[in-house]
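The listed protein sequences correspond, in order, to chains G and B. The numbering of the first sequence is our numbering, which starts it at 323 and goes up by one. The numbering of the second sequence is our numbering, which starts it at 323 and goes up by one.
Heads up, a few of these hints could be off.
Identical chains share a label here; the pair holds if one copy fits it or two copies do between them.
List time: in silico SDA-like cross-link candidates among lysine to any residue, alpha-carbon distance up to 25 Å [to be verified]: (1) Lys682 with Ser478; (2) Lys601 with Ile587; (3) Lys682 with Arg534; (4) Lys682 with His592; (5) Lys682 with Arg409; (6) Lys404 with Ala683; (7) Lys404 with Asn650; (8) Lys583 with His479.
Because the hints were derived from the structure by calculation, they are not lab data.
Protein chains: 2
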Amino acid sequence: MKRVGSVGDRPERRVRGVEALAGSGRDFPKRRGYGYNRPMTIHFDLHTTDPASGARLGTLHTPHGAVPTPLFAPVGTQATVKTMTPRDLRSLGAGLILANTYHLFLRPGADLVQRMGGLHGFMDWDGPILTDSGGYQVFSLAHMRKLDADGVTFRSHIDGSLQRFTPESVMETEQKLGADIAMCLDECPDPLDRAANERALLRTHAWAARCRAAHTRPDQALFGIVQGGIFPDLRGESARFLAELDFPGYAVGGLAVGETKAQMIATLAHTCPLLPSAKPRYLMGVGAPEDILEAVAQGIDLFDCVLPTRIARNGALLTHAGRLNIRNAQHAAAPQPVEEGCTCYTCQHFSRAYLRHLFKAGETLGLHLATLHNLHFMLRLMEQIRAAIADGSFVAFKERFLAGYQLSDQEARARNRQARRETLAAVA
Amino acid sequence: MKRVGSVGDRPERRVRGVEALAGSGRDFPKRRGYGYNRPMTIHFDLHTTDPASGARLGTLHTPHGAVPTPLFAPVGTQATVKTMTPRDLRSLGAGLILANTYHLFLRPGADLVQRMGGLHGFMDWDGPILTDSGGYQVFSLAHMRKLDADGVTFRSHIDGSLQRFTPESVMETEQKLGADIAMCLDECPDPLDRAANERALLRTHAWAARCRAAHTRPDQALFGIVQGGIFPDLRGESARFLAELDFPGYAVGGLAVGETKAQMIATLAHTCPLLPSAKPRYLMGVGAPEDILEAVAQGIDLFDCVLPTRIARNGALLTHAGRLNIRNAQHAAAPQPVEEGCTCYTCQHFSRAYLRHLFKAGETLGLHLATLHNLHFMLRLMEQIRAAIADGSFVAFKERFLAGYQLSDQEARARNRQARRETLAAVA
Numbered sequence: 323m324k325r326v327g328s329v330g331d332r333p334e335r336r337v338r339g340v341e342a343l344a345g346s347g348r349d350f351p352k353r354r355g356y357g358y359n360r361p362m363t364i365h366f367d368l369h370t371t372d373p374a375s376g377a378r379l380g381t382l383h384t385p386h387g388a389v390p391t392p393l394f395a396p397v398g399t400q401a402t403v404k405t406m407t408p409r410d411l412r413s414l415g416a417g418l419i420l421a422n423t424y425h426l427f428l429r430p431g432a433d434l435v436q437r438m439g440g441l442h443g444f445m446d447w448d449g450p451i452l453t454d455s456g457g458y459q460v461f462s463l464a465h466m467r468k469l470d471a472d473g474v475t476f477r478s479h480i481d482g483s484l485q486r487f488t489p490e491s492v493m494e495t496e497q498k499l500g501a502d503i504a505m506c507l508d509e510c511p512d513p514l515d516r517a518a519n520e521r522a523l524l525r526t527h528a529w530a531a532r533c534r535a536a537h538t539r540p541d542q543a544l545f546g547i548v549q550g551g552i553f554p555d556l557r558g559e560s561a562r563f564l565a566e567l568d569f570p571g572y573a574v575g576g577l578a579v580g581e582t583k584a585q586m587i588a589t590l591a592h593t594c595p596l597l598p599s600a601k602p603r604y605l606m607g608v609g610a611p612e613d614i615l616e617a618v619a620q621g622i623d624l625f626d627c628v629l630p631t632r633i634a635r636n637g638a639l640l641t642h643a644g645r646l647n648i649r650n651a652q653h654a655a656a657p658q659p660v661e662e663g664c665t666c667y668t669c670q671h672f673s674r675a676y677l678r679h680l681f682k683a684g685e686t687l688g689l690h691l692a693t694l695h696n697l698h699f700m701l702r703l704m705e706q707i708r709a710a711i712a713d714g715s716f717v718a719f720k721e722r723f724l725a726g727y728q729l730s731d732q733e734a735r736a737r738n739r740q741a742r743r744e745t746l747a748a749v750a
Numbered sequence: 323m324k325r326v327g328s329v330g331d332r333p334e335r336r337v338r339g340v341e342a343l344a345g346s347g348r349d350f351p352k353r354r355g356y357g358y359n360r361p362m363t364i365h366f367d368l369h370t371t372d373p374a375s376g377a378r379l380g381t382l383h384t385p386h387g388a389v390p391t392p393l394f395a396p397v398g399t400q401a402t403v404k405t406m407t408p409r410d411l412r413s414l415g416a417g418l419i420l421a422n423t424y425h426l427f428l429r430p431g432a433d434l435v436q437r438m439g440g441l442h443g444f445m446d447w448d449g450p451i452l453t454d455s456g457g458y459q460v461f462s463l464a465h466m467r468k469l470d471a472d473g474v475t476f477r478s479h480i481d482g483s484l485q486r487f488t489p490e491s492v493m494e495t496e497q498k499l500g501a502d503i504a505m506c507l508d509e510c511p512d513p514l515d516r517a518a519n520e521r522a523l524l525r526t527h528a529w530a531a532r533c534r535a536a537h538t539r540p541d542q543a544l545f546g547i548v549q550g551g552i553f554p555d556l557r558g559e560s561a562r563f564l565a566e567l568d569f570p571g572y573a574v575g576g577l578a579v580g581e582t583k584a585q586m587i588a589t590l591a592h593t594c595p596l597l598p599s600a601k602p603r604y605l606m607g608v609g610a611p612e613d614i615l616e617a618v619a620q621g622i623d624l625f626d627c628v629l630p631t632r633i634a635r636n637g638a639l640l641t642h643a644g645r646l647n648i649r650n651a652q653h654a655a656a657p658q659p660v661e662e663g664c665t666c667y668t669c670q671h672f673s674r675a676y677l678r679h680l681f682k683a684g685e686t687l688g689l690h691l692a693t694l695h696n697l698h699f700m701l702r703l704m705e706q707i708r709a710a711i712a713d714g715s716f717v718a719f720k721e722r723f724l725a726g727y728q729l730s731d732q733e734a735r736a737r738n739r740q741a742r743r744e745t746l747a748a749v750a
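Here chain G stands alone, though its shape is the one from the complex:
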C-alpha cells in the first residue's frame, strides 16, 4: 500500500507531462510463481458484523485511498462514468469506480492507457479503480465468440475484428490498465443451466489459477470470481477451490443475469458463509437499491452496476418511493424537485418541469443532471446502510426502506432477465 487517504481531497493538478509519463511504464517484478504469499496490495479491515443479519461494516484500503464498505462503485465503462467529470464524482463522494477491460482493450487499447499513466492518469481519477476481466462482455456484447480450453476468440462489437482473450492476455491487459483491483477471467453461463455451469466451472477454475500465476503487478490486487449458477453444490465447490488460491478478495459472479431475485438471495445466503470472512466480498453487476439491501444482509461488501447511470439516461430517477420517469406528462408543469429533501445539485436547483424539458428537447444536460441525482441517491443509500450497520439498526432500516420503495414493473424485469439468459445461452 503506497498511500492511504480520503478520496476527493487532492488539489487540482496539471495534466502529466511527457516527463512524468515516461516513468509510468512500470517494471513489473518477476513473477514469483503460483501460491506465493506476497504482501497484499489492498487491505480490508472488517469492523463489525451485524448480529441481526450478515451485514458487514469495513474499510477497504487501496493504493489510491481507503473507502468504507458496504460500497457502491459507479461504472465508467470506457474510462468515464457517463456524463460525469471526476470533480462531479468527487463532489458526490464516490469512492471506488469500475472500468471495463473489454471496452478499453478494444478502444483505445491498453498500451495507450498505460502510456497515459494508466487508468488513473488517463481519466484523471485518483481514487481506487477496479477493472472487470472483460469475460462477461465477451459473452454479452461481442458479435461472435468461440470458447476453447485455452481462452475465447471473439469479434469486436465495434469493428468486427477478430480478437482473443486468454487468462494470461487478460492479466497483461489489466496490469497495463493499472486499476487497484483486477478481476480473473471467468466464464459466465446461464445461471439456471446445470450442465453448462458444470462445464464452465472447470474452465473458470483453471483460468483462475492461470490468472493468479500470470498476475505480477505488485500495486494491483487480483480478485477471484466464484461461479456455479444457482446450484449450491457448484457454488460450494467454487468457493472452496478459489479460497485455496488465497485471493485478496472474492467476487460472486454469474448472478443478476437471468435468475429471479429469490434465487439470487438464496445463492448468496449459501455462498457468502463459504468465503473467507477476512476478505472483501464483491457482488458483480448488482444493482438495484432493493437488491443491494438484500445482498448487504447476506454479507456482501462491494457492488457495481450500470443501473443508476443507465436508467438516468432514459429519464428514470431514483426516489425513496421508487423510480420516477421524468418524461411523463404529469411532470410537465411540476415546480418541485425530483425528490423533496434530496441534497443533490439537481434537486437543489432544478424543477421536475425543467428536467422534463431537457429530456424532451434532447439536451445532454438532462442526462447529466439525472445521472448526478441517481448516483447521489445510491451513494447516500450506501452511507445510510453503513450508518445503520454501525448503530445496529440495519434490519430495521432495510425493512423501512423496502416498505416505502415501490419496485419497478416486475414484468419488465422478468423480460430483461429472460433476454439476458438467452444472450448467455447463445454462447457457442
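Put chain B on the given structure of chain G with help from the hints.
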C-alpha cells in the same frame, strides 16, 4: 434596476417552491404609450473609447447584475447552454447568456417558463439573460413561413404545427420569458439583395415601433435592431429611424449571414458611428475570435454566437494558433492538453489523447469538456480585450492575436456563407 451585483457569487438555493412561484406572475404596469421615456431597466456606463480604434470599455448594469463590456454571451438556445450546468458557467465567469424565443415559444412554451419563475428561475441562472425575438429562426429553421404586413406565419420545425408571430405576440412571449434584455421582431433578408433589404426595412421599422409600443415590462429592456444588409444608405436610414425610438440599446442585425468578412466590417464601420454612443451596441450572431476583434475595433460592446459551443460538439477546439480537431489521428497518443498554459478545467486535467478517446467512443463527457474549453477560451479572450482597451494596447493586442491565429478553412466558410444566403433567399 432592482439590484446590481457581481454575477456568480450567490449562495446555492433551493428550487423555488409553489409558494414562491405563485408570486412570479408579475402584474405588468399598464403601457404608457409610444414614445414614453420610462426609467431604463438597464444602464450602460461607457468608461473609455480607445483613441487608436473605436473599441469601447464599459459596464452594463442589469436587474441581474453588472457585466463588463466588450462581452461575449454564450448561447443557451433551449434554456440551457448545451452540456453546461449553471455552476459550470459561473465558474467560467460567464456574464450575460442568451436564450432563443423561437425555440422556447415552441417548447416548453412561454406560459410554462413564466410559471416556473421566468427563464432565471426555470434554468437557474441568476445572471443577466437576453432573448432574441425568434425572427431569425423563423427565417432559418421553420419549415414554411409566410410574411405579411402584420406578422409571419410559419410551421414549427418540431411538429409542423402552424404558428404565428406578430410584434405584439413576440413582446408578450419575451415578457413572459422574462430576460433582462428582449429584442424587437425584425425581418432578416439576404444581406446582398438590395431590393429585399429595401422591402424588409420598411417592415422591420414598422415592427420596431409596434414592439416599442407593446413592450411594458418594467424590469426588462427592449433593444432595437438596425437592418439594411451591406447597403450604407439603408443602414443609415435604419440607424436614424431606430435612434428616434430611443431604445436603451441597439443591435446590428443581418450580418454574419452571407456577406464576406470585409463587407461585414465595412458595414460596421459605417453603422456604428450612427448609433447613440451612450447606448450599448450588440452585434448579433458573431462570432469567431477574429470577427470579434474586428467588431470590437468598430465599437461593438456585446456579442453572442453558437460557434464556440457548436464547434466544440464537433470536436473543434479553439487555441491561440487556430482551431484544432481533436478527432484527428495525430492526437491519438498526445499526452499534452489542448493548449499548453490554458487554465480551463479540461486543459488542467486531461490529455488530448483522452479527449480524442471520448469523442471516438461517443461519450458525452467529450462534448462537455470541449464546450468548457471553448467557452473558457472566448471568455478569456474578452477579458484580454478589455484589459488591452483599458491600458491602451488594444490595437497591438488585436494584431498580435491575429498574427498567431490561423483562420479555419476559408473555402468551408465561403460554403457556409452561401448556404445561409440561400436559406434566407428562399423566404416566401
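Results of checking the hints against the structure:
no.: 1; hint: Lys682 with Ser478; result: between (33 Å within a copy, 15 Å between copies)
no.: 2; hint: Lys601 with Ile587; result: within (20 Å within a copy, 71 Å between copies)
no.: 3; hint: Lys682 with Arg534; result: neither (50 Å within a copy, 34 Å between copies)
no.: 4; hint: Lys682 with His592; result: neither (46 Å within a copy, 44 Å between copies)
no.: 5; hint: Lys682 with Arg409; result: between (27 Å within a copy, 22 Å between copies)
no.: 6; hint: Lys404 with Ala683; result: both (19 Å within a copy, 11 Å between copies)
no.: 7; hint: Lys404 with Asn650; result: both (23 Å within a copy, 23 Å between copies)
no.: 8; hint: Lys583 with His479; result: neither (30 Å within a copy, 46 Å between copies)
Hints 3, 4, 8 from the earlier list are contradicted by this structure; the remaining hints agree with it.
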